[in-house]
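Enquirer: Each chain, letter by letter, is given below.
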Amino acid sequence: MTGDHAPAPAFGVPAPGRGLTGEALTTERLAQRLVEAFPGATTDIQHGELTVHVDPGTIIEVLAFCRDDDDFACEMLADLAGVHWPAGDHVVERQASTTGWPEYRTTRERGVIEVQYVVRSVSRNHWLRLSVGVDDDDPRLPTATILYPTANYHEREVYDFFGVDFTGHPDLTRILMPDDWVGHPHRKDYPLGGVDVPYENDQFIPPPDERDLREVVD
Amino acid sequence: MASDQTAGAPAVVHPDDRDELYVDGADWETVVDAVEDETITVNMGPQHPSTHGVLRLVLELDGETVRKLTPIIGYLHTGIEKNAEYRTWVQGTTFFTRMDYLSPLFNETAFSIGVERLLGIEAPERAQAVRVILMEFNRIASHLVWLATGGLELGSTTMMTFGFREREHVLDLFESQSGLRMNHAYIRPGGLAQDVTDDFVERCDALLELLPRKIAEYEALLLRNPIWNDRLRGVGIIDAPTCYAYGVTGPLLRAAGVPWDLRKAAPYSGYDRYEFDVVTEDACDSFARFVVRVEEMRQSLHIIRQALDTLPGGPVMVADKRIAWPSQQSLGADGIGNDPEYIRHIMGESMESLINHFKLVTQGFPVPAGQVYVPVESPRGELGYAMTSSGTNKPYRVHVRDPSFVNLQAADLMTRGHMVADVIAVVASLDPVMGGVDR
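Chains as they are written, first to last, in my numbering: chain A, 1 to 218; chain B, 1 to 439.
Since the hints were made in silico from the structure, they are not lab data. This structure is a prediction, so every number in the text was calculated from the model and none was measured. A virtual CB, placed ideally from N, CA and C, is assigned to each residue, including glycine. Warning: the hint list may mix true and false statements.
[Stated by the list, open to error] Just a few of them, taken from the derived set where beta-carbon distance is under 8 Å, the chain B residues facing chain A:
(1) Tyr246
(2) Gly332
(3) Arg401
[Stated by the list, open to error] Distance ranges between label pairs, derived from CB positions:
(4) Asn201(A) / Leu354(B): 23 to 31 Å
(5) Gln363(B) / Gly57(A): 18 to 26 Å
(6) Ala369(B) / Arg29(A): 25 to 33 Å
[Unchecked claim] A few chain B positions that, by computed beta-carbon distances, are all more than 10 Å from chain A:
(7) Met160
(8) Ala245
(9) Asp309
(10) Ala421
(11) Asp438
Same shape as in the complex, but just chain A (with noise of 0.2 Å):
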């Protein structure tokens, strides 16, 4: 390891629209050319951010495909993180209170843990997120540390807060909470916790999660 191998920028420095050593692929671009690739995959565009739906099972391969091609040339996998989708019929009715139980809009009939991985490309300047949904009761993905040796921290706090199993993991461990934890803190059906404030007149005010604000509100 030397610093013979930094590249040279033959761009200058990167801009909108250039990278390091080339142009940029518009967000449709980079969207036609993975669904050309890999006729499985859904894309969607939002707030000019690229997020392309792929199966479990063809992650690695849209992973390596976006770190290999040479127009992608994703060479950083910039954050990989979950979200928890959980199963239900959940409606928005404690909305108006300040602090209490989230509450989210689902119809979902099975639980998904959607996780995130966010490739950028510093050679072109591009980024787009690849959006794996799993089953919350086993959720398994095929590790990306072959690829990116960087998902190692990223998918050990994924497997902490959610559950994930990342299949081929060198040390699949908690990372944050401590190594005895039970349960996956960020998985909706985990509860905040906390202890009731004292407050005047020998009243308590329960924790965050706890609190019916409603009367209050309404």
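Following the hints, put chain B in place on chain A, whose structure we already have.
Expert: Here is chain B on its own, set in the frame of chain A:
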């Protein structure tokens, strides 16, 4: 005797050009040889003065050579991301500013830009310019702490006092504007908590006059200092392809010769309006990172100068009364507090204003469903906010991609083959902030 024993000894893995660390006459090799295959495991931290807070490093040592380094983190985990799901969007600022406590304004800005993008609004120009000025001062303050603590860890107590002294001047500016030295919650979705004070430009000017002289002083103290050079040059090498593989960004990537800076590559808050250089070095070592950070402070001053000269007037919060934080504050004899004019207005004149104030403050505003990923260039690299809204008044999920968390993974690679003392230099040059790592 020595030569016989070393002939069959396994090659000691160490970086090139580091032979000077090994005692001539192979005495050291003899010792290492005697304990062949025997490594000892040493715990450094979590309460070690040189590990930047509560970072625990488990070192596998062969003699005094590091074979493996395992960072163990999580001691400062506060569940900020989980907590934020139970609070309104505006309250989120108060949480996220506490993550990377040395660069609070970057957290606030990234979070606010995320909320604004989900809402489809943009902060007024004046608010954006003030954000840039404060963020760049924050970058300087953060780099000063890095210089101060890094200097202390490598034996330069003078640098420690210098760094913290000047940082205090910068924090005074923050305090005068937001009321707090750190964890300001000053940058809010939609703009700023309040406009800058009348003497803001004057205060900034004073700093712009002071800091260049001080930065020159640091350079005079360290740039040619033989100890500083010996401790940092050739230590903790990480080249550009390895940076990519490990997701390493910020001054580390720039010290590996890559001019990657999100302020240029994907400008936000109007950074495209200002002229500045992306500082790079080719040496890939800890010394290069020192040079990059010091020069970045100069570039920050350059940006602040331009932003002050072109500081636009006008509001600092969006006009939309459904989003803009209603409370107004002003500076009284006893410090910043509720603006008496505003209190008179809602309490005495307008019942509707009072209702609006009450509803906005207690319930917040709903944010349309969707997701965004907002990366900003923090002093440590790419600080990304991956935010998901389900259309309610609270975030559904906010994930923070903290640069310290990601960069720390490379510590193992950067220390292998070095001495234990070099671990301190490498960790210092990584500049991890545990508040950001553990979140």
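Enquirer: Each of the hints needs a verdict: does it hold here or not?
Expert: How the hints compare with the structure:
| no. | hint | verdict |
| --- | --- | --- |
| 1 | Tyr246 | 5 Å, holds |
| 2 | Gly332 | 27 Å, violated |
| 3 | Arg401 | 4 Å, holds |
| 4 | Asn201(A) / Leu354(B): 23 to 31 Å | 26 Å, holds |
| 5 | Gln363(B) / Gly57(A): 18 to 26 Å | 43 Å, violated |
| 6 | Ala369(B) / Arg29(A): 25 to 33 Å | 27 Å, holds |
| 7 | Met160 | 30 Å, holds |
| 8 | Ala245 | 5 Å, violated |
| 9 | Asp309 | 23 Å, holds |
| 10 | Ala421 | 20 Å, holds |
| 11 | Asp438 | 6 Å, violated |
Hints 2, 5, 8 and 11 from the earlier list are contradicted by this structure; the remaining hints agree with it.
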